[in-house]
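Each protein sequence line maps, in turn, to chains P and U. Each residue of the first sequence is one higher than the one before, starting from 1 at the first, in the numbering used here. Each residue of the second sequence is one higher than the one before, starting from 1 at the first, in the numbering used here.
Warning: the hint list may mix true and false statements.
Said to hold, decoys possible - Not the full set, but computed from the structure, chain U residues with beta-carbon under 7 Å of chain P: (1) 81; (2) 90; (3) 129; (4) 132.
It is worth saying that the hints were derived from the structure and are not from the lab. Just so you know, even glycine gets a beta-carbon here, dropped at the ideal spot from N, CA and C.
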Amino acid sequence: MRPSLALPPVLPLLTILVLIGPVLAGLWGTVSAAFGHLPVAGLQGPSLTPFQTLWEWPGLSASVRLSLVTGGLATFLSLAITLLLLAGWSGTRPFRAVLRLLSPLLSVPHAAAAFGLMFLIQPSGWISRALSPWLTGWQRPPDVLFVQDSMGLAMTLGLVVKEVPFLLLISLAALSQIDTQGRLRVALALGYGRMAAWMFGVLPALYARIRLPVYVVLAYSMSVVDVAVILGPNTPPPLSVQIVRWMGEPDLTLRTLASAAALVQLALVIGALLLWHGGERALAALGRRLIYCGPRLSRDGLWRAFGLMTALLCVGLVLAGLAGLVVWSFAARWSFPDILPEGYSLRSWQRNGPAAMETLTTTFAIALAATLAGLVLTLGCLETEERRNLRLTRKGLWLLYLPLLVPQTAFLPGMQTLLLGFSIDRTLWAVMLAHLVFVLPYLRLSLEGPYKAWDARLGAVGAAMGASPSRIFLTLRLPMLLAPVMTALAVGMAVSVGQYLPTLLVGGGRVQTLTTEAVALAAGGDRRAIGLYGLLQTAAALLPFVLALTLPLIVWRNRRGLQHG
Amino acid sequence: MAEGLRLRALRIKHGDRPLLELDLTVPPATILSVMGPSGVGKSTLLAAITGQMSADFGLEGEILLNGRDLCPLPPQERRVGILFQDHLLFPHLSVGANLAFGLAPQVRGRARRARIKDALAEIGLEGFHNRDPETLSGGQKARVALMRMLLSEPDLLLLDEPFSRLDATLRSQMRDLVFTFARDRALPVLMVTHDAADAEAAGGPIVQLES
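In isolation and in its complexed conformation, chain U is listed as follows (with noise of 0.2 Å):
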């Protein structure tokens, strides 16, 4: 059985205009980046991988992982988790409440707590289980959009434009936390980016799409 994320003959139509052809496999622990112009319609294409693709786009071809077809299943039973450029914590929740949204709900009580004072350690914010997610730094709130998607236990992530909004500094250590955790993981990712640093610091295969 096939391991990864295997796009099999994929095309994407806006209604009759072809968009984008892609035959590709991303094997575990693996980070393909996906470089192109804006337009060229990489939204769209992990879009339809979360199966969150507006009506206006037709779809062809095959999207396997780890040999499940994910074309006729509903967002919510992929197991497909998405970082985007915007952390999109919650506002309304803590932050320990925005880690918990993603913990599968069979971990109950006390051990449910234990997993989230965890996750908060292993991204160096101890204590912060109550505060205002509002109340974080740009990189704090960035860490917490990362772990609260790696509760959820997905079998592929895939990146929007993940450091797109952070400083120099902030973004390699970001870069290097999202790659270690993944690889740590053996998660397959997919990444979608404008910055050619991103594509060589993931030291993965890259792919450009062409308009």
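Here chain P stands alone, though its shape is the one from the complex (with noise of 0.2 Å):
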């Protein structure tokens, strides 16, 4: 039989390019900077000079254990928490509840989520305010420290917030391709208790396919500058913060000392990962050992209310947060400890409001431009792997998920050196290359699922009427995907929409997103703008997916078979 496609796979290629391209390219531009060499700057390499100017900073260990504290603790938490809720309830009414809370707040952009927890924790905060002055007997905001707190707990719990829906959510994707259910119910019939059942039956199948998101976690939260800039601490602040600062610098030759840090951050991430895996190895042998002893633990009550107010507590917090963003952006004279403002006002969406909305125009032109041109690339992909009969092994999925684990602080500075050397740095169709590479990864983990889904036999009957393979893919295929392609869309422009550091980087400061805009308001401390920026932020990636929602239900409101899937 001859193959029915003649073409070379072109968008699988493609694809794999703009993966690793930029990641290499930037990788390869740090390392040449680290040592030294940076022709920009008239520096001719290599030498050893980065790396020792690095070592007498003052400030390294401190950034350094910042780096690996925050990220190792955030990614702990996080996971803890949602194995806490999956265990102890997934399948039930509460868990469904908790579910549809956390879903939308996967697209709450990290810097606005920052924001928002800021207004609740800070001194002069909702819940300060809530409690002064009957309980703490404060008059004034106190002189403390609750936010960019010098241990980094506040950008720890920014985090933590954040990565519980990631988690959730790739969980539930692997779930349903395990038979939990069935798994549960042997457990418990044979006598152990909910959260044992769970843990014992079904997690060992669960986490070996959770794990490179677990990993994308870890290199995120390791080296993560917006939430850093916003809740962690400054002096010294984590070593990704620290990088950038020496990548804005007007003296080109501190790019050099800011890539002889980038590659100590890859180092760290890495060793971080190592160790990570380490871990999982041991506790998975204590698990097997535990196992065959065969507790029951039926007694997990305490455990399952505990697992469910923490995630709870995670949504409470998102949401509140974002609910003080609100406020605070229609907020007229607002005084401690009163927890509501005296009055509302237009004034600051009349100052900001029309600079803002420009702003709104890039950041959608940014993600719309970089989500179409991935889902081409993705859809494209999967089409052709379906006609060759190809699949994605386990090397491509580490390709895949190669721009999320590589710290974007250890290739993105190199990248943007190379970018100045073609002069092309600083353009629009340069930060919407690097949000594609960004964007791509997601794209493909939400529409795999569905695209495999699709009854096969559907194209057969097709085939069978003289149909060919691009009328299939066109008449059949994705009308019938339209819901799930319009979700990756969605999914896709919100991860443009939250992406700080490409855009920062990249853009040169002369490409201005909402989440650049918000970020550099931190330092400020105009609240009533930060409000207004950190709500706008979360609008333009929440509309997406509004969209994604409501479309597919108009355009097939008369198709019932359409409607449940």
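Now that you have both chains on their own, put them together as the hints suggest.
What follows is the structure, encoded as structure tokens:
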């Protein structure tokens, strides 16, 4: 039988190039700058000066410690909360309720969630207002560092509330490939408690499937910049923030220092991933011995309650934070310890609105262009793989996750330096390309399941009636997959809207999105402007989801067969 | 020139393991039934004829349809129609549009609309043109699926357990309809079934596959 398509697999090759090209080129740029080779600044390497300078920087050990502790702790807590909730409640009514609240939170940009959290926990925040003065006796905001604390606890919390929804939804997708209910029923019938049944019977199969996303959370949390700028300590900041500061200096020679620090950051992440992997194996070995002993652990009511409470706390913090953004953006005079402002006004919207709307347009243009390009590549890949009977191997999966595993701070500085050499940095196109790198993995992750689940016999029927593969793709498969394609579009746009570092470094200050504008406000402390930008940022990420949910309902309103999946 | 379907020294292998060997002819207006336990390769045989066999199977021998060798042709150029046990109507298209999907694009404009209306009348579904296929009964869906396939004017009809999801009365009605339509059009038919009653009603040769 001859292959149904004679073309070489152009789109998969292009996709691989987009996925690894910028990462490798960026890493190369970082490595050469780290060893003192930076022609733009008139520096010829190789030399070890950047590393010597970095070594002499007094903040180094504190920065490194912050990155490790906040990243590791945030990942551990997020995973623990996710697993506790799943073990105690998956498949129950309260679980579905939490899920309905959590899923939209996934698209709330990290920066907006961090600002919301800041409005809650800062000394003059809602929590402190609610307890003052009757409990605390405070008449003025206390002089305590609840945010930007030197331990990075606020920052860790800010990461956890955003990573729990991510891990939870990834886990749910993975769980649908495992016979969860069957495994649970058997273990329950053997007398195991609900949580033990889940932990012993389901978790081992689940973890193998969510390992890479967990690594993504670890790599991301260790090298995050926007959340760290908003909630993290300043002197010294986590290493990633310091790298960005050095990159932003007008003195180009400081870029070699930044690049050296970026390589240290990369080494830290690799080390942490190896450590985590070791921890996984140790825990798995312990778990196997425990399972062999057969403890039923049937009295798990307290743990179940604890799991549900922590998950609800995450939801509550983000939602209350978003409410804080709304109130601040409309607040007139609002003195401590009043729980609400004395009045509301449109002043902040009138003053910042026009500029913000312009930024909103840029944000949407970048998000839409990057996502549409990504959709063409992703659908093209899936269709080519199907026609040529290719399958995504384990190696392919690592490739897909590569841009999410290599810390952004490690390869974006190099990418920027390279683009600077070609003088195409700081253009809209360069920013779109940078966003595409991060949008692609998420598009693939959200489309793969629905694409493969499509009943291939429908295509067989079409072909039997003389329809070509292209006609089957365009008139049958694509229209029937309208809902998942729209969801993927929304996911991609939300990812793009939330990007901070790619926009900042590749845009070089000339391309502004809502996210870069919002984070830039963090230092100023104009809470009304912060509320407004955070709110618009959230809206920009959520709006595509509303469209994704409603459009298929309108288009297929008279087609019952497409309304349940 | 040989009329109908001719499977000449056909051998299908799964990897290195031989799955089945067949040598048979299905003349026009004849319904040949293939029976046998599950896993014996009945569905693979149909996939081989439609050209949608998965790559881990190997094929030797010839598949000739009215003298044409099908093996080098992609599925959409084989003119081989197939009905599955599920109706597989396209859920995003109306009943009329489902039928139109089968009709050759050369039939245009008013003639096209008329052909679809006639086809609907022929299966007793006048006035169903704009209906959502999901609102049809099981028997109605099965009739639309049959007519859709016939409108594409295949040279051969394959039936993959086509009646096993229908209840007893519907089953014999549908069986009669499919067989009558196929004989009227002088189509060779190859039917895969579990049910001896299906094979008997077909009134044609029966091939028993053994594992």
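We went through each hint and held it up to the structure:
Nearest Cβ of chain P to the Cβ of residue 81 of chain U: about 5 Å, under the 7 Å cut. The hint holds. Against a cut-off of 7 Å between C-beta atoms, the interface hint on residue 90 of chain U holds, since the closest Cβ of chain P lies about 6 Å away. Hint status for residue 129 of chain U: violated, given a least beta-carbon distance of 13 Å to chain P, over 7 Å. Annotation: interface hint on residue 132 of chain U holds; nearest CB of chain P at approximately 5 Å, less than 7 Å.
In this structure, only the earlier hint numbered 3 is contradicted, and the remaining ones agree with it.
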